[in-house]
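Participant: Sequence:
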Amino acid sequence: MVARKTLDPTQYARFRIAVEAGIRDCKGGLESATKPLAENPMDQTTTMQFPGKQWTTADPQALELSSEALESAADLIFSIKERHGVLFAKRGQVVFERYRGSVEDTTHLFSITKGLGATLLGIAETKGLLHSSDLIREWMPVHHPEIAPDATIGHVLNMTAGTEPAGTAWRYNSNFILNSLTGLVWLASGQAPVDFYNEHLKTPLGLSFDWPANERGWIQIGSQGPLPVIRSTHRDIARLGHLWLNRGRWGEQQILSEAFVTSALTPLVPEVNGAYGFLWWLNAEAGNWQATSGRSGSGRWFPFASEDIFMALGARGKVMIICPSDELIMVSLGETPQEQSGNYLATMLRAIGDVTGASP
244 MVARKTLDPT QYARFRIAVE AGIRDCKGGL ESATKPLAEN PMDQTTTMQF PGKQWTTADP
304 QALELSSEAL ESAADLIFSI KERHGVLFAK RGQVVFERYR GSVEDTTHLF SITKGLGATL
364 LGIAETKGLL HSSDLIREWM PVHHPEIAPD ATIGHVLNMT AGTEPAGTAW RYNSNFILNS
424 LTGLVWLASG QAPVDFYNEH LKTPLGLSFD WPANERGWIQ IGSQGPLPVI RSTHRDIARL
484 GHLWLNRGRW GEQQILSEAF VTSALTPLVP EVNGAYGFLW WLNAEAGNWQ ATSGRSGSGR
544 WFPFASEDIF MALGARGKVM IICPSDELIM VSLGETPQEQ SGNYLATMLR AIGDVTGASP
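Heads up, the sequence shown is in this note's numbering, so the first residue is 244 and it goes up one at a time.
In case anyone wonders, no lab produced these hints; they're calculated from the structure. Hints are not guaranteed to be accurate.
With a straight-line Cα cutoff of 20 Å, these simulated SDA-like cross-link-like pairs (lysine to any residue) come out [unchecked claim]:
#, residue 1, residue 2
1, K324, P580
2, K370, R490
3, K324, S310
4, K370, W382
5, K370, S432
6, K296, N441
7, K324, R490
8, K445, L470
9, K324, N586
10, K445, W382
11, K324, Q497
12, K296, S345
13, K296, E347
14, K324, E307
15, K324, R341
16, K445, R459
17, K296, H443
18, K370, Q497
19, K445, T369
20, K370, N586
21, K324, T590
22, K445, Q497
23, K445, N416
24, K324, E501
25, K324, E314
26, K370, H443
27, K370, K445
28, K445, A435
29, K445, Q292
30, K445, F293
31, K324, E528
32, K370, N441
33, K445, T349
34, K445, G295
35, K324, W382
36, K370, E501
37, K296, V346
38, K324, A601
39, K370, Q297
Go ahead and model the full structure; you've got the sequences and the hints to work with.
Facilitator: Below, the structure is given as structure tokens:
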């Protein structure tokens, strides 16, 4: 366990104020717009690249991909209701994108934000400020009834912290249990969470979106709260996927330790839900799986898709899929009505299989 200062009731009270009271005056809203499609210069390099201020683009053939297969995959994805766009990037270069409006249009990320949250905790662990094996009660001296007494930070990241003993049931949530994590970053680092994000993630990756915060600098990972939801372009959030595709490395900088990435992408309790890691969805051949829809099964969630893929998924069809074996990222954002989105994820995975040649 990482050594830390003993927290007195006053310190804990500040944490609670930030998490519970300090967010009450925050407001958010939805908006939409469309603009003409923009273009970027071409780059034919086939080695792993890391985007600078802008992503470079590459001819798909230079990266062993078929333009026809990409067009066909986009047609399939756009057959899903209310798609705003789709982007494919390989080895750090955009090989295909299509938008209903403009490349600059933004969309609410909803629970894709959980991938950002996992990254913040991973940065804190990489810096030695905390560890996913730390007990929550060692950071929060006043026990919260929604978190089991034996729950670790890893259990919170894995959605298995809310039952006693921890790890016995998986309960997906975007509420206080999840949002307590940014408070832990605050306690561990001494920085307001929004400042921690700006310094250690936004700036190194060149992200253009702000993480909405209250006047105290508190941010929320879960969308069940009064703070506005992050809005992002396809290209911007794909930077997060590229960081994880490269196992925490961004250029010459190791932002996340490989040990944390491995832990995050490995089922913590496979017999409870092998399709969930640390706020990332998995396709592991391990134990049982559960989806938020209530569907469940055993073995791999999507048997026709590669075992090493992992995904960030948000409400109304916000999807980012990372395919390490193919060095590929797919992002598709939109506003697909939940009641009409039953098979959209399988459709997108089959579209990726068509691009990589892995479809059955």
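Participant: Provide an ascending list of the numbers of those earlier hints which the structure does not satisfy.
Facilitator: 3, 7, 10, 11, 14, 20, 23, 24, 31, 35, 38 and 39
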